[in-house]
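Protein chains in written order, with the working numbering: chain A, 1 to 301; chain B, 1 to 343.
Treat the hints with care, as some may be off.
[What the hints assert, rightly or not] In silico lysine-lysine, BS3-like type, Cα no more than 30 Å apart, as pairs:
1. Lys86/A <-> Lys230/B
2. Lys157/A <-> Lys296/A
3. Lys86/A <-> Lys157/B
4. Lys231/B <-> Lys296/A
5. Lys86/A <-> Lys166/B
6. Lys230/B <-> Lys296/A
7. Lys262/A <-> Lys157/A
8. Lys10/B <-> Lys338/B
9. Lys231/B <-> Lys262/A
10. Lys292/A <-> Lys338/B
11. Lys292/A <-> Lys166/B
12. Lys296/A <-> Lys338/B
13. Lys262/A <-> Lys86/A
14. Lys52/B <-> Lys299/A
15. Lys299/A <-> Lys338/B
16. Lys262/A <-> Lys166/B
17. Lys296/A <-> Lys10/B
[Said to hold, decoys possible] Here are some chain A residues pointing at chain B (derived, C-beta under 7 Å):
18. Ile37
19. Gly58
20. Ser59
Hints were generated in silico from the structure; no laboratory data involved. Just so we're clear, the structure is a prediction, and the values are computed from it rather than from any experiment. Glycine is no exception: its CB is placed at the ideal position from the N, C-alpha and C atoms.
The residues making up each chain are set out below.
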Amino acid sequence: MIEAIISTLIGALTAMVPLVLTSVGAVVSERAGVVNIGYEGILLMSAFFGAMFAEVTGSPWIGLLGGAFVGMLLGMLHGVITVYLKGDHVIPGIGVNLLALGIVAFGIPAYWGTAGQHVVPDTFRVSPIIKTPYGSLSPMVLITIIIAILTHWVLFKTPLGLRIRAVGENPEAADALGINVERYRFLATVYGATLAGLGGAFMSVDWLGTVTKQLSAGRGFIALANMVFSGWNPLRALLGGFIFGFFDNLSVWVRTNPEIQKIIPWQFVATLPYLVTLIIVAGIIGKVRPPKADGKPYKRE
Amino acid sequence: MRVDIKEFAKPLIESLIAIVIGIAVGGVILAFSGYSPVDAYVALFDGALGSKYGLAMTLSSATPIILTALTFGIGARTGLFNIGGEGTVYFGAIAAIVLTNLWGNILMGLLGGILAGIVWMAIPALLKVIRGVNEVVSTIMLNWMAYFIALYIVLQKIPNPEDPNKTIAVPVSARFPIIVKGTELSWAFAISVMAALITYYILWHTGLGYELRVSGYNERAARYGGINPKKAVIWSFLLGGIMSGLAGATEVMGRPPSYAISQGMANIYGYGFDGIGVSLVGRNHPLGIIFSGIFFGMLKAGATAMQIEAGVPLEMVRVVQGVIVVAVAIPGLLDLLKRVVRR
Numbered sequence: 001m002i003e004a005i006i007s008t009l010i011g012a013l014t015a016m017v018p019l020v021l022t023s024v025g026a027v028v029s030e031r032a033g034v035v036n037i038g039y040e041g042i043l044l045m046s047a048f049f050g051a052m053f054a055e056v057t058g059s060p061w062i063g064l065l066g067g068a069f070v071g072m073l074l075g076m077l078h079g080v081i082t083v084y085l086k087g088d089h090v091i092p093g094i095g096v097n098l099l100a101l102g103i104v105a106f107g108i109p110a111y112w113g114t115a116g117q118h119v120v121p122d123t124f125r126v127s128p129i130i131k132t133p134y135g136s137l138s139p140m141v142l143i144t145i146i147i148a149i150l151t152h153w154v155l156f157k158t159p160l161g162l163r164i165r166a167v168g169e170n171p172e173a174a175d176a177l178g179i180n181v182e183r184y185r186f187l188a189t190v191y192g193a194t195l196a197g198l199g200g201a202f203m204s205v206d207w208l209g210t211v212t213k214q215l216s217a218g219r220g221f222i223a224l225a226n227m228v229f230s231g232w233n234p235l236r237a238l239l240g241g242f243i244f245g246f247f248d249n250l251s252v253w254v255r256t257n258p259e260i261q262k263i264i265p266w267q268f269v270a271t272l273p274y275l276v277t278l279i280i281v282a283g284i285i286g287k288v289r290p291p292k293a294d295g296k297p298y299k300r301e
Numbered sequence: 001m002r003v004d005i006k007e008f009a010k011p012l013i014e015s016l017i018a019i020v021i022g023i024a025v026g027g028v029i030l031a032f033s034g035y036s037p038v039d040a041y042v043a044l045f046d047g048a049l050g051s052k053y054g055l056a057m058t059l060s061s062a063t064p065i066i067l068t069a070l071t072f073g074i075g076a077r078t079g080l081f082n083i084g085g086e087g088t089v090y091f092g093a094i095a096a097i098v099l100t101n102l103w104g105n106i107l108m109g110l111l112g113g114i115l116a117g118i119v120w121m122a123i124p125a126l127l128k129v130i131r132g133v134n135e136v137v138s139t140i141m142l143n144w145m146a147y148f149i150a151l152y153i154v155l156q157k158i159p160n161p162e163d164p165n166k167t168i169a170v171p172v173s174a175r176f177p178i179i180v181k182g183t184e185l186s187w188a189f190a191i192s193v194m195a196a197l198i199t200y201y202i203l204w205h206t207g208l209g210y211e212l213r214v215s216g217y218n219e220r221a222a223r224y225g226g227i228n229p230k231k232a233v234i235w236s237f238l239l240g241g242i243m244s245g246l247a248g249a250t251e252v253m254g255r256p257p258s259y260a261i262s263q264g265m266a267n268i269y270g271y272g273f274d275g276i277g278v279s280l281v282g283r284n285h286p287l288g289i290i291f292s293g294i295f296f297g298m299l300k301a302g303a304t305a306m307q308i309e310a311g312v313p314l315e316m317v318r319v320v321q322g323v324i325v326v327a328v329a330i331p332g333l334l335d336l337l338k339r340v341v342r343r
């Protein structure tokens, strides 16, 4: 019983990492007024390149940073299109998601010579901070919690956070006060994508230890749902991420557990994270309010 | 008149620029990965256009993605980002297989695809209308649920007892006749072109289509004009569902040799995502979608030749597609390019 609780807890905390990092990043981006639905693609691409960086340099930490770097580049692309060129906020995200499907599906056989899946050797994976017989805890879990708390503090307790929220709520007023709306929006977008990149690399070089063309498996969108669930609040995104992480971990666990598969087909359990996401989003929408200028390009009069 | 031509020419040129950017960036990635971009593209275009067989394969590959593109395109015209085509295709294919095995004719198969599409797309439609659930999140979640549910049905409910690699097949009496012998091109292609033409007629020549487009253009104006945006949302999803349901049905009824769903749903996977790109390049216009569908079909058909002759993984074309869509998202691509050139 205790073992089951510990292993479930560790599993949920681990599965939480990419969701929370992406959600917290999305909160900052949308607080500044930029919608990005390309996180799914960012997670996938940074998982791919993160594993590549880790194996080339021999360091999982460089893999993680490399993933964050790839996220940063994709965030800059999104920022240039939406903030500086005043483009639609949704279409470039769709584009990045499709591009990621292509890059990773092409990259796995082209780079590793294997079809469909590449397993990252254990030597290139992050070593855990806590090891128990029922599972081990990655330092990334701690780092994720710290990032969520720090981001919350910056967003709500510092002048920087006030400015970020101002350009997302009322860009005209922020502009009148001399705040550079475009710069803050751009940097907030890049921050969001960088965190997602870190989360993506975590999946390949730490948690799942593999690269597949379906590795992100909708987590970018679950993270967006979690952002809505949180009411654009990083601390609540941490809590929501833990709940989603629980179901995510549960479905991964069931798929590899033959005992449970005898009772219920694994495919049904695999739908759980998505079903829970839908139910939670359907249940709470209407009670939350996105930032006023969210998703609206700002053009100076 | 001059203004009208300009209005059509600009998006066309911008789509063409996006395609050129996609092919160019794809070439750079090929070179980086140690392949010869020239050899790869020559093999691709020769494979897709260089023979009667290639052309037939191009058109047969275009069939499902024109239909899934219509799903996204109808949504976009109504102001919705309906990304649920992918999951709908699976159920369209399953329904067509089940119904044609009960009644062996083409009409029952098409009806199955249509009904499956309507039922599955009703879920995000109702979630949107009743609970205000953002369709981007709901349709993606439904795609994943569809994937696992369909996988269960394929593996457990309709497996082929003689061949574990696929499901039971569509009976011969319900298969679309082949147009070019020895190829995969069947009259299913005509269904997709007809669907695009009908969509064009509905959107631009009926009252319902007017309401759909006005709600997409400006929801507040639509409400002011006495149009119910909720009705538009529901119709947009249902019409979209029909298109992707048909994509799944025509795929199993009109694409030799298997006339079934193959292992891991490989032969019906990915069309929903391809359709998004096709629609965006076709500027979400049914007539544009026919042409961009054929272009994307050409990439797909040529990919196999590229893999065999140049040794390049056929997934390469997905990279090109992805870059094209990102390029399409850049607003005023033409003006931007002019500015750069002038400098």
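Structure-based check of all given hints:
Restraint check for Lys86/A and Lys230/B: the C-alpha separation of about 29 Å stays at or below 30 Å, so the hint holds. Our distance criterion of 30 Å between C-alpha atoms is met by Lys157/A and Lys296/A, whose separation comes to about 25 Å. A distance of roughly 50 Å separates the Cα atoms of Lys86/A and Lys157/B; the hinted pair therefore is violated under the 30 Å criterion. Distance check on the hinted pair: Lys231/B and Lys296/A sit about 25 Å apart at the alpha-carbon level, within 30 Å; holds.
Between the alpha carbons of Lys86/A and Lys166/B the distance comes to roughly 48 Å, so the proposed pair goes past 30 Å and is violated. The hinted pair formed by Lys230/B and Lys296/A meets the criterion: a straight-line CA distance of about 23 Å does not exceed 30 Å. As the CA atoms of Lys262/A and Lys157/A are separated by approximately 52 Å, the hinted pair breaks the 30 Å bound. Simply put, Lys10/B and Lys338/B have alpha-carbon atoms about 12 Å apart, close enough for the 30 Å limit, and the pair holds.
For a cut-off of 30 Å, the pair hint linking Lys231/B to Lys262/A is broken: about 44 Å separates their Cα positions. A hinted pair counts as satisfied when its Cα atoms are at most 30 Å apart, and Lys292/A with Lys338/B does not qualify at roughly 34 Å. With a CA separation close to 51 Å, the supplied pair Lys292/A and Lys166/B exceeds the 30 Å bound. Restraint check for Lys296/A and Lys338/B: satisfied, since their Cα atoms lie roughly 26 Å apart, inside the 30 Å limit.
For the proposed pair Lys262/A and Lys86/A, the alpha carbon gap of about 54 Å is over 30 Å, so the pair is violated. Pair hint Lys52/B plus Lys299/A does not hold up; C-alpha atoms about 52 Å apart against a cutoff of 30 Å. At most 30 Å may separate the alpha-carbon atoms for a hinted pair to count; Lys299/A and Lys338/B meet this at roughly 21 Å. Note on Lys262/A and Lys166/B: the hinted pairing holds, with a Cα-Cα distance of about 23 Å set against a maximum of 30 Å.
Between Lys296/A and Lys10/B the alpha-carbon distance is near 24 Å, which keeps this suggested pair within the 30 Å criterion. Here the hint on Ile37/A is kept, as its CB sits about 6 Å from the closest CB of chain B, short of 7 Å. Because the closest C-beta pair between Gly58/A and chain B is about 22 Å apart, greater than 7 Å, the hint is violated. Checking Ser59/A against chain B: minimum C-beta separation of about 23 Å lies over 7 Å; hint violated.
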